[in-house]
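**Student:** Sequence:
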Amino acid sequence: MSDDAINNFDLHAAFMRRAAADQPAFIEALAIRLEQALPGLVHVERKKDGLFSKTAHVHTISIDTGAARYVLEQEHGTLTATCAHGTGGVILKRETLTIAQFLTAVNEALGRLSADAEGAHQVLHDFLMS
Numbered sequence: 001m002s003d004d005a006i007n008n009f010d011l012h013a014a015f016m017r018r019a020a021a022d023q024p025a026f027i028e029a030l031a032i033r034l035e036q037a038l039p040g041l042v043h044v045e046r047k048k049d050g051l052f053s054k055t056a057h058v059h060t061i062s063i064d065t066g067a068a069r070y071v072l073e074q075e076h077g078t079l080t081a082t083c084a085h086g087t088g089g090v091i092l093k094r095e096t097l098t099i100a101q102f103l104t105a106v107n108e109a110l111g112r113l114s115a116d117a118e119g120a121h122q123v124l125h126d127f128l129m130s
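Residue numbering for the sequence shown follows the UniProt record's numbering, starting at 1 and increasing by one per position.
Everything labelled a hint here was simulated from the structure, so no lab data went into it.
Below, in silico cross-link-like pairs of lysine to any residue (SDA-like), each with a Cα-Cα straight-line distance of 20 Å or less: (1) K47 / L34; (2) K54 / P24; (3) K47 / T78; (4) K47 / H76; (5) K47 / E75; (6) K93 / T82; (7) K47 / A25; (8) K48 / L79; (9) K48 / P24.
Between the sequences and the hints, there should be enough to build the whole structure, so can you do that?
**Tutor:** Spelled out as structure tokens, the structure:
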């Protein structure tokens, strides 16, 4: 193995350790931000750290956009992201996403909801002012 390959391996391993260590703080910050910004769309499930523990960690973040439900779940130190599409409470399609895909998809879905709300607001305003 060359020195460059060993150095790259060490860098990748260090990055993976750091990412794993930062994960609980990342998921907690994301949950708080989403809960505060979108209280009607976001549900956060927390689990106690132990039987008699007073502290809890985020287990699941669910974001329901109407057209899809995005779920980020933390189980035994592993993050799993899914997107479920359905209608009338019946899930027609469920797909597993990477964390980057999950965050991008949630951002795009919230952008669509925002545009719809802005359009409805403008129509209502125009109707009331005419």
